[in-house]
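Visitor: Model the full assembly from the supplied sequences, consistent with the hints where possible.
Number of protein chains: 2
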Amino acid sequence: MSEEPQAPERRSAPRTDVRRLAEKQVRDVAELHAILDGALHASVGIHVDGQPFVLPMACARDGNQLLLHGSTGSRLMRALSAGTPVCVSVIHLDGLVYARSAFESSMRYRSATVLGTATEVPADERLRALEVLTEHLLPGRWAELRAPLPKELAATSVLRVPLDEWSVKVSTGFSEDPAEDLDQPVWAGVVPLRVTLGTPVDAPDLDAGLPAPSHVRDRPAPGDAATS
Amino acid sequence: MSEEPQAPERRSAPRTDVRRLAEKQVRDVAELHAILDGALHASVGIHVDGQPFVLPMACARDGNQLLLHGSTGSRLMRALSAGTPVCVSVIHLDGLVYARSAFESSMRYRSATVLGTATEVPADERLRALEVLTEHLLPGRWAELRAPLPKELAATSVLRVPLDEWSVKVSTGFSEDPAEDLDQPVWAGVVPLRVTLGTPVDAPDLDAGLPAPSHVRDRPAPGDAATS
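Line order of the protein sequences matches chains A and B. Here numbering that gives the first Met the number 0 is used: the first residue of the first sequence is 0, the next is one more, and so on. Here numbering that gives the first Met the number 0 is used: the first residue of the second sequence is 0, the next is one more, and so on.
Read the hints as simulated data drawn from the structure, not as lab findings. Being a predicted model, the structure only gives us computed values, none of them experimental. One or more hints might be untrue.
Pairwise CB distance ranges, derived in the manner of DEER restraints [unchecked claim]:
#1 B:Arg145 with A:Thr171: 19 to 27 angstroms
#2 B:Arg74 with A:Gly49: 17 to 25 angstroms
#3 B:Ala154 with A:Ala122: 46 to 54 angstroms
#4 B:Val200 with A:Arg145: 45 to 53 angstroms
#5 B:Ala154 with A:Ala178: 14 to 22 angstroms
Built from N, CA and C at the ideal position, the CB exists for glycine as well.
Guide: Structure below.
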């Protein structure tokens, strides 16, 4: 994982420069993409009527933009698609770091923050955006489903945020205890954290003859392809 | 899981009333507590200089308040502790719901949103707040660590947000496909999602004689106690 600036891949901007723990900032766009590609949802921050709100939304990267999915009709979705500034946050917790003190205890994580403006994907691009979202969340599923109905497309809102202004922080490794703590008589190390998939469960109204397809049975855990 | 309002346990407020998928709203404070108690981090939304920001922060519930932990000195932490309005979002993704159409496909989740104002835990309560945070994130650890040093306490900021104005949404079960889709020749069901713990990894600078304690080796996955 490179910690070197890669200027051509990123538009730098002061407000996304990491000020705390700056050594954890990563400027490689491949790491941004890996973090987003391993995520099923993002936390989307907006400001409405003097109050910040954070909405969890399904997400999928589509090239240099992040697609976000919600239902039309919600007040916050309307504010979002009206072009208000947003902050999109994605984080993967990779481990619990047991240090020799509470102060040095921490977590392993990979975190991405995107600032920008959400806009609605135009109607004529909505079908493809839904395919990208569906294939990200349920890989292999799109081709076996019937095509979306016009009324379904009309009732669906997909937003997109360009991946122009962003920052990434990655925390790996173990605790960095000061020398005077190394003789503390306590274990130190990391307990890894992972999102795992359980055994697929048939819907109660499923036709008995329909088995789960291999893209369901053999589905890798989210982020497994992206995690180094 | 009750979907009935339990008025004495919750202060109702219009802006936390769920407007979309209102049938998923849960008003039982025990569900709020279970969601927060199963979380290692929260997404904290604030508004600074005309821009929303979302910060992932370590969290732990302490009775009727949520503790949030970050480093002093960060610009956003300063804004937070200055008493700006916040939105705190916690979500657990419990499963991927494969429906007979892209439109009805969804996720199982348990989600909590808290609105309020973050304030700094006063210096004379900080040690106890750190114990609550540490014991939530690393159960069993506090008693075996040395006491925090005065300089560590001075360099630590713990915020708290009262659990007064909140909403909870819980999505369980399977897809609710319309009758005309039930003869679609595709599998339908749920792939469960879970956060699991890996085998503890010793720190490279660990004294060879120090084994991982049982609270590390036998640690249950986050949220296991809270998940029904």
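Visitor: Enumerate the violated hints, using their earlier numbering and listing them in ascending order.
Guide: Result: no hint breaks.
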